[in-house]
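For the record, the sequence lines run as chains V and P.
As numbered in this note's numbering, residues 1 to 613 make up the first sequence, in order.
As numbered in this note's numbering, residues 1 to 351 make up the second sequence, in order.
Treat the hints as calculated values from the structure; they're not laboratory data.
Computed from a predicted structure; not experimentally measured.
Warning: the hint list may mix true and false statements.
In silico DSSO-like links for lysine-lysine, alpha-carbon gap of 30 Å or less [unchecked claim]:
no.: 1; chain 1: P; residue 1: K330; chain 2: V; residue 2: K408
no.: 2; chain 1: V; residue 1: K419; chain 2: P; residue 2: K330
no.: 3; chain 1: V; residue 1: K487; chain 2: V; residue 2: K476
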Amino acid sequence: MKRIEAVNDFVVKFANINGSGSASANELFAKSFLRMGIPVSPRNIFPSNIQGLPTWYEVRVTERGWLGRRGGVDLMVAMNPQTWNQDVKEIEPGGYLFYDDTRPLPSSKFRPDIHVIGMPLTEMCNAHYTDARERQLFKNIIYVGALAAMIGIEPGVIAELIGEQYKGKEKLLKPNVNAFQMGYHYAQEKLKDALGLKARRADAVGDKIFIDGNSAAALGCVYGGASVCAWYPITPSSSLAEAFQRYCSRLRVDKETGRNKFAIVQAEDELASIGIVVGAGWNGARAFTATSGPGVSLMTEFIGLAYFAEIPATIINVQRGGPSTGMPTRTQQADVISCAYASHGDTKHVLLFPEDPRECFEFAAQALDLADRLQTPVFVMTDLDIGMNQRLCKPFEWDDARRYDRGKVMTADELEAGKDFGRYLDVDGDGIPYRTYPGTHPKRGAYFTRGTTKNAYAAYSEAGPDYVYNVQRLLKKFETAKTLVPKALLTASKEPARFGAIYYGSTSPAMAEALEALAAKGIFVNALRVRAFPFQDEIFDFVQSHSKVFVIEQNRDAQLKTLLVNDAGINPVSLISVLHYDGTPITARFITEEISQIVTALNVRPIKKDKAA
Amino acid sequence: MTYLAKPKLHHPTLPKNKLGYTRRDYEGKVSTLCAGCGHDSISAALIQAFWELDVEPHRVAKLSGIGCSSKTPDYFLGNSHGFNTVHGRMPSVLTGANLANRDLIYLGVSGDGDSASIGLGQFAHVMRRGVNMTYILENNGVYGLTKGQFSATADMGSKSKRGQVNTDSAVDTISLALIMGASFVARSFSGDKAQLVPLIKAAIAHQGAAFIDVISPCVAFNNHPGSTKSYDYIREHNEAVNRLDFWPSREAITIDYSEGGLIEVPQHDGSILKLRKLDADYDPRDRIVALEHVARAAEKGEVLTGLLYVHAEAQDLHAHLNTYAVPLNKLGEKELCPGAGVLEKINAALR
Chain V
1 MKRIEAVNDF
11 VVKFANINGS
21 GSASANELFA
31 KSFLRMGIPV
41 SPRNIFPSNI
51 QGLPTWYEVR
61 VTERGWLGRR
71 GGVDLMVAMN
81 PQTWNQDVKE
91 IEPGGYLFYD
101 DTRPLPSSKF
111 RPDIHVIGMP
121 LTEMCNAHYT
131 DARERQLFKN
141 IIYVGALAAM
151 IGIEPGVIAE
161 LIGEQYKGKE
171 KLLKPNVNAF
181 QMGYHYAQEK
191 LKDALGLKAR
201 RADAVGDKIF
211 IDGNSAAALG
221 CVYGGASVCA
231 WYPITPSSSL
241 AEAFQRYCSR
251 LRVDKETGRN
261 KFAIVQAEDE
271 LASIGIVVGA
281 GWNGARAFTA
291 TSGPGVSLMT
301 EFIGLAYFAE
311 IPATIINVQR
321 GGPSTGMPTR
331 TQQADVISCA
341 YASHGDTKHV
351 LLFPEDPREC
361 FEFAAQALDL
371 ADRLQTPVFV
381 MTDLDIGMNQ
391 RLCKPFEWDD
401 ARRYDRGKVM
411 TADELEAGKD
421 FGRYLDVDGD
431 GIPYRTYPGT
441 HPKRGAYFTR
451 GTTKNAYAAY
461 SEAGPDYVYN
471 VQRLLKKFET
481 AKTLVPKALL
491 TASKEPARFG
501 AIYYGSTSPA
511 MAEALEALAA
521 KGIFVNALRV
531 RAFPFQDEIF
541 DFVQSHSKVF
551 VIEQNRDAQL
561 KTLLVNDAGI
571 NPVSLISVLH
581 YDGTPITARF
591 ITEEISQIVT
601 ALNVRPIKKD
611 KAA
Chain P
1 MTYLAKPKLH
11 HPTLPKNKLG
21 YTRRDYEGKV
31 STLCAGCGHD
41 SISAALIQAF
51 WELDVEPHRV
61 AKLSGIGCSS
71 KTPDYFLGNS
81 HGFNTVHGRM
91 PSVLTGANLA
101 NRDLIYLGVS
111 GDGDSASIGL
121 GQFAHVMRRG
131 VNMTYILENN
141 GVYGLTKGQF
151 SATADMGSKS
161 KRGQVNTDSA
171 VDTISLALIM
181 GASFVARSFS
191 GDKAQLVPLI
201 KAAIAHQGAA
211 FIDVISPCVA
221 FNNHPGSTKS
231 YDYIREHNEA
241 VNRLDFWPSR
251 EAITIDYSEG
261 GLIEVPQHDG
271 SILKLRKLDA
281 DYDPRDRIVA
291 LEHVARAAEK
301 GEVLTGLLYV
311 HAEAQDLHAH
321 LNTYAVPLNK
331 LGEKELCPGA
341 GVLEKINAAL
351 R
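Could you build the full structure based on these sequences and the hints that come with them?
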């Protein structure tokens, strides 16, 4: 029988029961590779549930640093009887099944083409522990110990990680180390050559950091100067506001007075959270909210007002499957259109698409600048895949010389000096008017904020020409936004390429891997990662210079493509959609197969590897 | 509607307050509401109150929702920033504004449709949070701007102009504010300036969530026989629980012994509220008593007015959140950004 043999390149999947304490053990397993210099990319696949339902944790070990989901499983750690059949089915032929063989299972429960590794985990736990909770928790650590022995993870690395985790909690430290060693020694003795998947110390991690996108975005908000956060709990965004609270408690409490240089309100709903953000933005504080698609739906009335009344607001949308009772624990990029055009009337909004936690940090901070500069709502469009999974990425950077861009704010001195103030007057030709903060000057600069019934000096007006002047200026402002938002990034093919590909957000790591796989098949593709809306002219030019451009998205309706056609004037005939929307993160295998098939169907069969497709 | 704009020139003999401002300096644009609208009387009372309190007009932020009432902030304090927000959502915007700059005075103006129907949730939650503000509900029991539909504060059995009888129970915003934790709760009548002005002044001085429900008859749609929010009905059924004298702390305190008992309630800012008890049993410092009085009066078909409840030591949202003394909107990189050195340490802990 075939046996998968691999070094530093395989996928291990843990099938557990939610709430059984497996999460920290599995994370320990994933981190141990990083400490050996081997990149990993773990993903939680979890239900909308606190306890009892199945949950999975998939770890891709990848010395090459491919951080997308690969697809397929080489080793299944099957700890959940509920999902046994499905889990066994998922293993690649020649792969491995690790399970608790305390209770014998009939041979019909296995597959002839996989290698089965049994270990009496329950029996061992029952022998060593009397407390039911300990039996459950340490079972997880014991299997990590066994896996470490079989895979060749250095025990010192695990001991170091356990030491860090339980620093200051010595009572927990020792039992965890003991449980680990129990598993380790058992496997060394009894399962020595059971597994063909091996870890070997490498130097492929470098100075990279390992963090989830929600924490990174929260930290970006701290660095970017957000002082007001209002939010309403919604998966998968809740951990973002909670991380902001955590970071602020550490980094934003005044040492002398013990008082907070931030205000966080868990509002009664999303309508109130965006209302608070708009109120704070109107009054000159940097404010943000974190939410997901259903929350954005509730916020849209306010988003429209903020657009027309020109009030800064930063909205971080950690996207998931829709609708409200949709797939809250599954990932999608399905809010692109609903955010780009959120609200009634003629509205469009700035969107930023981060690819990983590092960009979550950067774009969150940048969104606060853009919102102030453009005086408008700005969306950071992350998703569950980036937001709730730890991801290896470049370390965060901050230049201490960087200053917050507070935009065009007229000061008391300028007003005193007699500078003309028209709240909605385009004085610089960029569509962006000046604003004043409330309370600035006793006699000048006050105005009454309302939607669109106003003239350039904020006086009440329902006159058509005033309305047209205002909304045309907003269009001009949107043009200005193109010059300020992050530019699209090109990954040029090594060979001249007829095909282009446009992708964004969390598709990034799978795309990078797919590009290499396609090139290996002789299909050369120039790839452009779109990082923001409105689209710059370079995106239009990119499409123009290729005969066909694939648009890779994680939604059903090709939402970014719709925007490209609608807002960048791109001919839809040039675009071919590659869409993945089952709620799981897109894989390199999926992209590669889809594009290969389309290329074949287009009758451009690559004959030689060195010839461009 | 008032068609004639008032002349900008002030009469030289107009009285001035301590800041040297006349009442005219506290006015706004000319009202576009119907002639005789109760809301315009409330605007006049607000002007009077701010003028008497010597508040710099530009240190006030006026926020409103949608409706006739919510248009009024344009008609007073023309040198203050105003924000006509979203229907029923003024409380959240006011909360955010207040968090951004704790140094301004926040005035929320709303109507009964805005606060008791679409905005009932936000109304309740802003009281719970104890946002430091004066929340004026201009209550006429009717949707004026959409021409005469019942609002949620219309009393059961009251008649609309078209003869329709309201069969739904009324939302009593006073009781709701008391239950949700407002620390200053009063009710008044737009036609009773002598009562309303001191109430507004006291509400502004109060450092917490201050709520005044002002019955304000709608001359166009709710001032007919059968309405329980008409001028005549309110004048007949109004029962005041107390009369309020408000003394800013910087003035010499004089006590008028001439009639009735007097309670002095020192406020957070050092000013003193003086309540003349008309009803011998009434103590506005007891929330439970207030709730009971409101309920008993309603049972008798009476509208209880005056200061119904005050908790002078109330804490506001900033105290709950332990926010910095300097307004958050004045903080820059130095105060807000932890810097590159700290980030390097954070990076190191993530490896």
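Evaluation of the provided hints:
1. P:K330 to V:K408: 15 Å, holds
2. V:K419 to P:K330: Given pair K419 (chain V), K330 (chain P) holds - Cα atoms ~22 Å apart, limit 30 Å.
3. V:K487 to V:K476: 19 Å, holds
Consistency with the previously given hints is maintained throughout, with no hint failing.
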